[in-house]
Amino acid sequence: MLARESNANYPSRRREMANFAVREIKRVCKEIGPRASGEEAERRAQAYIAESMKPIADRVEVEDFELHPKAFLGWVLTDVVLMLLSGVLLCVSLSGAAGGARTALLAVATALTVLSIVFLVCEFLLYKPLLDPLFPKRRSCNVVCTRAPEQEVRRRIVFCGHIDSAYEWTYLRAGGKVFAAVVGLAFGAVFVQLVLDILAFLPLPGAADTVLLVLAVLSTLLVLPGAFFVNWKVTVPGANDNLTGVFASMAVLRFLAANNIRFAHTEVAAVSMGCEEAGLRGAKAFAKKHGDDPVETVYIVIDTLRDYDYMGVYNKDMTGLVQLDAQAAALLKAGAKNAEHDLPFAKVFFGASDAAALAQGGLKAATLAAMDPTPARYYHTRGDTADNLDLKTLEAGIDVLLETAFLYDAEGLAHGAAEAKNDKGE
Numbered sequence: 001m002l003a004r005e006s007n008a009n010y011p012s013r014r015r016e017m018a019n020f021a022v023r024e025i026k027r028v029c030k031e032i033g034p035r036a037s038g039e040e041a042e043r044r045a046q047a048y049i050a051e052s053m054k055p056i057a058d059r060v061e062v063e064d065f066e067l068h069p070k071a072f073l074g075w076v077l078t079d080v081v082l083m084l085l086s087g088v089l090l091c092v093s094l095s096g097a098a099g100g101a102r103t104a105l106l107a108v109a110t111a112l113t114v115l116s117i118v119f120l121v122c123e124f125l126l127y128k129p130l131l132d133p134l135f136p137k138r139r140s141c142n143v144v145c146t147r148a149p150e151q152e153v154r155r156r157i158v159f160c161g162h163i164d165s166a167y168e169w170t171y172l173r174a175g176g177k178v179f180a181a182v183v184g185l186a187f188g189a190v191f192v193q194l195v196l197d198i199l200a201f202l203p204l205p206g207a208a209d210t211v212l213l214v215l216a217v218l219s220t221l222l223v224l225p226g227a228f229f230v231n232w233k234v235t236v237p238g239a240n241d242n243l244t245g246v247f248a249s250m251a252v253l254r255f256l257a258a259n260n261i262r263f264a265h266t267e268v269a270a271v272s273m274g275c276e277e278a279g280l281r282g283a284k285a286f287a288k289k290h291g292d293d294p295v296e297t298v299y300i301v302i303d304t305l306r307d308y309d310y311m312g313v314y315n316k317d318m319t320g321l322v323q324l325d326a327q328a329a330a331l332l333k334a335g336a337k338n339a340e341h342d343l344p345f346a347k348v349f350f351g352a353s354d355a356a357a358l359a360q361g362g363l364k365a366a367t368l369a370a371m372d373p374t375p376a377r378y379y380h381t382r383g384d385t386a387d388n389l390d391l392k393t394l395e396a397g398i399d400v401l402l403e404t405a406f407l408y409d410a411e412g413l414a415h416g417a418a419e420a421k422n423d424k425g426e
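Note that my numbering has the sequence shown beginning at 1, numbered continuously upward.
Among the clues, some could well be false.
[Unchecked claim] Okay, derived cross-link-like pairs now, EDC-like style, lysine to aspartate or glutamate, Cα gap no bigger than 20 Å in a straight line:
| hint | residue 1 | residue 2 |
| --- | --- | --- |
| 1 | 288 | 64 |
| 2 | 26 | 5 |
| 3 | 30 | 387 |
| 4 | 392 | 24 |
| 5 | 337 | 387 |
| 6 | 347 | 372 |
| 7 | 137 | 66 |
| 8 | 288 | 61 |
| 9 | 26 | 307 |
| 10 | 337 | 307 |
| 11 | 26 | 390 |
| 12 | 347 | 387 |
[Unchecked claim] Per label pair, the in silico range of CB-to-CB distance:
| hint | residue 1 | residue 2 | range |
| --- | --- | --- | --- |
| 13 | 227 | 128 | 19 to 25 Å |
| 14 | 114 | 54 | 50 to 56 Å |
| 15 | 85 | 295 | 47 to 53 Å |
| 16 | 101 | 47 | 56 to 62 Å |
| 17 | 101 | 309 | 56 to 62 Å |
| 18 | 150 | 128 | 42 to 48 Å |
| 19 | 23 | 137 | 33 to 39 Å |
In short, the hints are calculated from the structure, not lab data.
Where is the CB? At the ideal position from N, CA and C, for every residue including glycine.
Model the full assembly from the supplied sequences, consistent with the hints where possible.
And the structure:
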């Protein structure tokens, strides 16, 4: 059975769920406000989710975990300091002021540059928590809301969105092109400086030192804007990113409860994840806790339902470095077709969604998102307000989730497996 066949007034019921999501997003933004990872506002938002879902879900569980939330983006300022020190030592060496200590200074400069690249790759590209011990510890939680089937549980579908909101990314306020330019130049400068460090060891003609010195000064200056990449004083409202994901997930359970629908053997869950903006720490904790579950389970992550024309099924994540589950992605794509949306496959262009952490933890996960990849002007800025929601996109997203749930109940991952083979041309 299709979701739209479950109720004679399905379009009206679907719109009710979208209106519910909008009301709840506005309430959280007004009464709780921005929700920095691991801070009190995030905990209050999670408490609100748990309390409001108790009359709807059969079971509501709060799963606590610990983390060092500022370590994830703290690598940026750490790298700026390391690169400035490296640049100064390189410039002193090339200027001739170091005398007999030139080789030693160059060795230290190179080591600092290499260390900064290690932090960049591990913390940002791979989301590895190398710097956690250097930052304060906090407690956060995930809220798991479950609707049981009529009989024994044979399979499970879990919808996930993250409740926390980001610290503002300064340069995005000026638009995606400015952001891309600043970030691209800063990243490029780090690797250029590594080349300069290596060249400075070589026995080059005297004039070469002057050229290298000029380039070293330029590369050092280009790294400086990174110090202002994150505005730690401003946490954004996070209405679209990602209260839309949280309440679209909760809307699935509410739709089933409001229409007295229970699947025979399929359990349906909605998870409000904590600390996605702190390096996917909530999803990592969730995957660690639930990774050994013997029940066939598929995870659908929802992240930012705002820009209708860019809605897609994300099968690659973490800046394209993590392959999400092919069956989960195919299932979601097929569910979208049942909702009369022919969605393309896409990849997370910069950063990651919770699906990456779930996939790395061995769970079958894919992501539904609808965000301009430029990126959007509201992304990680104070412009991500409840006044900037798009009801059409929210309703379409909820429609896709409902059809995916009904399809999974009917066919499990068998349909997803067949679709995945077709997508690969097998």
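Problem - Earlier hints that do not hold, by number - result: 2, 5 and 12
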